Amino acid sequence: MQIQLNTYAVNNVKVLNLVGRFDTLNVGPVQAWIEEAVEVEPANLVVDLQDVPFVDSTGLATLVTGMKRSREKGGDLRLCGLQQPLRLIFELTRLDKAFEIFNSEEEAVQAFAA
Amino acid sequence: MLINLTAIDDSQLEILAEAWLASGASVFEVWVREKRLACWPDFEVDSTANLRESIYIDGMPVAELRAGAAPTKANSSRLKADAELVSNLIKLTANLDNVTTELIDTQDQLVAVYGLAKAAENEATLAEEMQSLVTRASGMVKVEASFLICNVPGSVTSIKFHPEPLLDSASLDSILKIVQASEEEILLDREESAKFALNFDNILLMPIRIRGGVHAVLGFVNKIGGDFLSPDIKLARTISEHIGSRIENAVLNEQDLEQVKFQSELELAQKVHFNLLTNQLPKVAGLDIWAASRPAKRFGGDFYDFLLQPSHALSFAVGDISGKGLPAALLMAITRTVFRTKTPQLTPGLAMVRSNEELYEPFTKVNMFATVFLGQYDVDERKLLYANAGHSPVIYRPAESEARLLLADSTAIGILRTNQPENHQLDFQPGDLLVIGTDGLNEAYNEREEMFGFERLLAFVNSMANKPAKEIAEGIYHAVERFSAGHPQYDDQTLMVIKSIAA
Numbered sequence: 001m002q003i004q005l006n007t008y009a010v011n012n013v014k015v016l017n018l019v020g021r022f023d024t025l026n027v028g029p030v031q032a033w034i035e036e037a038v039e040v041e042p043a044n045l046v047v048d049l050q051d052v053p054f055v056d057s058t059g060l061a062t063l064v065t066g067m068k069r070s071r072e073k074g075g076d077l078r079l080c081g082l083q084q085p086l087r088l089i090f091e092l093t094r095l096d097k098a099f100e101i102f103n104s105e106e107e108a109v110q111a112f113a114a
Numbered sequence: 001m002l003i004n005l006t007a008i009d010d011s012q013l014e015i016l017a018e019a020w021l022a023s024g025a026s027v028f029e030v031w032v033r034e035k036r037l038a039c040w041p042d043f044e045v046d047s048t049a050n051l052r053e054s055i056y057i058d059g060m061p062v063a064e065l066r067a068g069a070a071p072t073k074a075n076s077s078r079l080k081a082d083a084e085l086v087s088n089l090i091k092l093t094a095n096l097d098n099v100t101t102e103l104i105d106t107q108d109q110l111v112a113v114y115g116l117a118k119a120a121e122n123e124a125t126l127a128e129e130m131q132s133l134v135t136r137a138s139g140m141v142k143v144e145a146s147f148l149i150c151n152v153p154g155s156v157t158s159i160k161f162h163p164e165p166l167l168d169s170a171s172l173d174s175i176l177k178i179v180q181a182s183e184e185e186i187l188l189d190r191e192e193s194a195k196f197a198l199n200f201d202n203i204l205l206m207p208i209r210i211r212g213g214v215h216a217v218l219g220f221v222n223k224i225g226g227d228f229l230s231p232d233i234k235l236a237r238t239i240s241e242h243i244g245s246r247i248e249n250a251v252l253n254e255q256d257l258e259q260v261k262f263q264s265e266l267e268l269a270q271k272v273h274f275n276l277l278t279n280q281l282p283k284v285a286g287l288d289i290w291a292a293s294r295p296a297k298r299f300g301g302d303f304y305d306f307l308l309q310p311s312h313a314l315s316f317a318v319g320d321i322s323g324k325g326l327p328a329a330l331l332m333a334i335t336r337t338v339f340r341t342k343t344p345q346l347t348p349g350l351a352m353v354r355s356n357e358e359l360y361e362p363f364t365k366v367n368m369f370a371t372v373f374l375g376q377y378d379v380d381e382r383k384l385l386y387a388n389a390g391h392s393p394v395i396y397r398p399a400e401s402e403a404r405l406l407l408a409d410s411t412a413i414g415i416l417r418t419n420q421p422e423n424h425q426l427d428f429q430p431g432d433l434l435v436i437g438t439d440g441l442n443e444a445y446n447e448r449e450e451m452f453g454f455e456r457l458l459a460f461v462n463s464m465a466n467k468p469a470k471e472i473a474e475g476i477y478h479a480v481e482r483f484s485a486g487h488p489q490y491d492d493q494t495l496m497v498i499k500s501i502a503a
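Residue numbers (the working numbering), protein chains in the order written: chain A, 1 to 114; chain B, 1 to 503.
Misleading hints may appear alongside valid ones.
[To be verified] The list that follows gives simulated cross-link-like pairs (lysine-lysine, DSS-like), each with its CA atoms no further than 25 Å apart: (1) B/K383 with B/K261; (2) B/K365 with A/K97; (3) B/K223 with B/K234; (4) B/K365 with A/K73; (5) B/K261 with B/K283; (6) B/K365 with A/K68; (7) B/K118 with B/K91; (8) B/K223 with B/K177; (9) B/K283 with B/K297.
[To be verified] A short list of chain A residues far from chain B (calculated; beta carbon distances all over 10 Å): (10) I3; (11) N11; (12) A32; (13) L95.
Hints in this document: simulated from the structure, not taken from any laboratory. A quick note: this is a predicted structure, and the numbers were derived from the prediction, not measured. For glycine and all other residues, C-beta sits at the position ideal for the given N, C-alpha and C.
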């Protein structure tokens, strides 16, 4: 299944809303979005995973890369909307310690303003 | 036009003449340019023919029929009809001649190319074959000199002349570029060739297509006896097509050879990878151990490792590199090596910290990470010290209670510059069981897109806990296989089962 990307900006925060499985076969467009998004400072990014039922390790690695790159540029890549099984994946890999994770997109965006 | 007329059979004209004479005509003649070419019944000193009708070919009068007969309308019409008949006859005969010439030409070319192909077969290398073809092409098209420039990017490059080099490399380069730009046959006379700084009477350049692009040119210089005519160009075209197919074959063979070399290197890499993964299972007093790894593709990013230490300790590791295929396999080899060097002197937690410091940069450069479970078993104390960097599933099943997951307390290697997995200790008495897998097991899907999951895994471990390590591992593999029947294995599946038994 092809992943869907919905992108928009709220103030100086770039938001990516993903729909579908986020795995090896689907990471290309997301990598491209991240590469473009981190070019403009501050690289404040939010990835909304509310409609993502599954992330494999390549998908996780893509998010980790986005997080590292945006932090290098004085910003961050934050996550929101994680549903169970995804929440479980983040807890088991303890990526919940590496990422800032929010319940909703509004909270994630607002946190950049704080 | 005289030729056209003489080409037709005299007997055809004779039939017309006899018909005229039979109907009372005194004479029947054929005239060309005011000269009498044929006459029935016999040549007379002066012609007595009074009726005249021109024979037209393509609108031009080329000859005349004359008859000595009563100047009636009927006779005029008859002579006119005969002239048209002869005109048609001339045209048909000419067409037949053309077709015949064409056939002979084609056959000559086929014979020539066959000779060309047979002669070149004896050459050992492509370079020798090309030289032989250029030499023969010169003779076949009858030119003073010929040459071949070939430049297939990353493959065949060749310049051949006959009888001797007559152009410098800059001129050859510009000729190749001109032909590549036009993609057409180019024929230049002395004046035109001077524009390209070439000093020849005439030059014919034939583009040669190789793998869809013009990558070579066959050149013919100074046609002996005048200009390049249509049959010369046709022959040149046939020769260049033949050369093109020979070069194309050579390029394909070369690629096949590269492919074979690459395949054998890949197979060697696979053997190395396989050897890294299939460690001999250690024999440790009080432990029943079994481990295996099943890559989803040719190469996998999972690994497991054992290290027996002189201090009566067994170190073991199970890791999963994010991503798949060769890149993951290469990083797996590096990760395994780093852990091997850190593990002997350090506790699992500290070995993780140090390994993360070393691996953070390389992992960041290639956008990957590795989850790792690292354990150290003290044979004398029957204690198990472990650290977990983002790895799952790890299942601990004490002899007297239910199986549970040992969750990681820190994230995977290569994600954060500073990462501090803690040491944890477990009692590992006879009957206690530790099962370390990789996510390819719990994330195996069935046809209904359901995941195998942790619950099934835990239940299975509970049900099999009394069995030997090997049976437990094979049972898990079997259960996952059954569950995901018909669904291709998506991720690597690695299992290490360690069971404490009576010494």
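Could you check that no beta carbon of chain B comes within 10 Å of the beta carbon of A/A32?
Non-interface label on A/A32 holds, nearest chain B Cβ at 13 Å vs cutoff 10 Å.
Against chain B, does A/L95 keep a CB gap of more than 10 Å to every residue?
6 Å, violated
For a C-alpha distance cap of 25 Å, please report whether B/K365 and A/K68 respect it.
The hint holds at about 11 Å.
Confirm or reject: A/N11 is not an interface residue toward chain B, with every Cβ-Cβ distance exceeding 10 Å.
28 Å, holds
Run the distance test for B/K261 versus B/K283: straight-line Cα separation, threshold 25 Å.
This hinted pair is violated, its Cα atoms lying about 40 Å apart.
25 Å limit on alpha-carbon distance, applied to hinted pair B/K118 and B/K91:
Violated, because 40 Å separates the two Cα atoms, which is more than 25 Å.
Please work out if B/K283 and B/K297 have their alpha carbons no farther apart than 25 Å.
Violated - the C-alpha atoms of B/K297 and B/K283 are around 30 Å apart, more than 25 Å.
So if I understand the rule, the pair passes when the alpha-carbon distance is 25 Å or less; does B/K365 with A/K73 pass?
Roughly 16 Å between the alpha carbons, so the hint for B/K365 and A/K73 holds.
Does B/K365 pair with A/K97 here, judged by a C-alpha cut-off of 25 Å?
With Cα atoms ~21 Å apart, B/K365 and A/K97 stay inside 25 Å; holds.
Verify the proposed pairing of B/K223 with B/K177, using a straight-line Cα cut of 25 Å.
23 Å, holds
B/K223 and B/K234: Cα distance at most 25 Å?
Holds: B/K223 and B/K234 sit about 14 Å apart, inside 25 Å.
Hinted pair B/K383 and B/K261, Cα distance within 25 Å:
Violated. B/K383 to B/K261 sits at ~50 Å, over the 25 Å cutoff.
In the structure shown, a violation is registered for the earlier hints numbered 1, 5, 7, 9 and 13, in ascending order.
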